[in-house]
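Protein sequence lines, in the order shown, are assigned to chains A and B. With our numbering as the guide, the letters of the first sequence map in order to residues 1 to 116. With our numbering as the guide, the letters of the second sequence map in order to residues 1 to 115.
Please keep in mind that the hints were generated in silico from the structure rather than gathered at the bench. No false leads were mixed into what you were given.
To give an idea of the interface, some chain A residues facing chain B are shown, with a C-beta separation under 7 angstroms as derived from the structure: (1) Tyr32; (2) Phe34; (3) Gly43; (4) Leu44; (5) Phe46; (6) Lys49; (7) Ile51; (8) Arg94; (9) Leu104; (10) Phe106; (11) Arg108; (12) Gly109.
Listing some non-contacts, in silico: residues in chain A with all C-beta distances to chain B over 10 angstroms: (13) Ser73; (14) Ser86; (15) Pro116.
Since we're looking at a predicted model, the values are computed, not measured. Using N, Cα and C, we set each Cβ at its ideal position, and we do this for glycine too.
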Amino acid sequence: AQSVAQPEDQVNVAEGNPLTVKCTYSVSGNPYLFWYVQYPNRGLQFLLKYITGDNLVKGSYGFEAEFNKSQTSFHLKKPSALVSDSALYFCAVRDDGGSTLGRLYFGRGTQLTVWP
Amino acid sequence: SAVISQKPSRDICQRGTSLTIQCQVDSQVTMMFWYRQQPGQSLTLIATANQGSEATYESGFVIDKFPISRPNLTFSTLTVSNMSPEDSSIYLCSVGGKGPTYEQYFGPGTRLTVT
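With the rest of the complex left out, here is chain B (with noise of 0.2 angstroms):
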């Protein structure tokens, strides 16, 4: 299984600021992943975080509000942008095997609050 870590681990950030959440994994892998967890509610997939190439966000996801990095296949940043209080979430990095038959792994998550 792979190891990640997130930071911060949580942030309170005023309306109208932009946060970036790092993600790092203890070994290569092919698949990240950027997941939304609403309070109460389960996980929404924002974009799956390509190697050399743009992520590819899911519908009502945009790369102005949540640009992703993906420099290598350890690392991976999501910057949330011009922070409202509807962005108040824990985020999770996710990362993937080598097929469908895989299970993900996800990080600790990063708790966002926006005043």
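The shape of chain A in the complex, shown without the other chains (with noise of 0.2 angstroms):
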């Protein structure tokens, strides 16, 4: 069965300091995969996704996100955070086909607070 999870329900750092978001995922078969990020009283925004290739992603804001296979690991990272990145972070997978075709799995979230 496919599953995410965000062990970490905040995390904080200093602006200018780099941050790390970590998820893991659980599928069948092939994972692709999401990070989204929600600011208060907005929907989710597309951050990057994984689909193949390259295990380092560029997204927006300057976030970036790491595969690691052999750790079912999709961390969300940015070298230098900013308070404007506070907000609530979520990771997504989705599996490469069968009956779950089109369906995200999300995680639970993480609320990200960088501070002055």
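Starting from the two chains in their separate frames, assemble the complex, guided by the hints.
Listed below in structure tokens is the structure:
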């Protein structure tokens, strides 16, 4: 069965420091992995995705994520955090076929707080 | 990317009443989804809205409680029927691409409070 785990409910980091938001997944086939961000009172915005190829993918707002197949992880990173990055971040996974075509499985979300 | 609008953006409703949420997309899409996001929780898929046929509901969600319409490839509605305070949530419309490698896009959500 497909599932996503975000082990940290909250991540706090000082502005200018690097940030990491963790995500691990479980799928039966090849994984397609996504990160979304949700600002207060807004819908989810797509940040980046991993489909195949280079394990390091770059996305919007300076974010990047590293796919690690052996550790079944897809951690979100940013070299230098901004206060404006403070938001709720969701990791999601979809596998490459079967009856779950089209459906995303979401993690519980990680609240990122960047303080000045 | 698709631009998605939802109406209403928020509402406060009384117990026992129903609310219909509209979702409009600026382009034709095959896959449309309805999610619920309860306070402090992740997204839960309610159903997939299929054009020209009945919606496909996830476990725990039934058509009588959450009837869905999908009259064309750009529009869908979700009705929350006979509401109770437990239905207080954000309801999100989402659209998908042509296959599993495509990201989904989300509407701004409808914040529903049931008193």
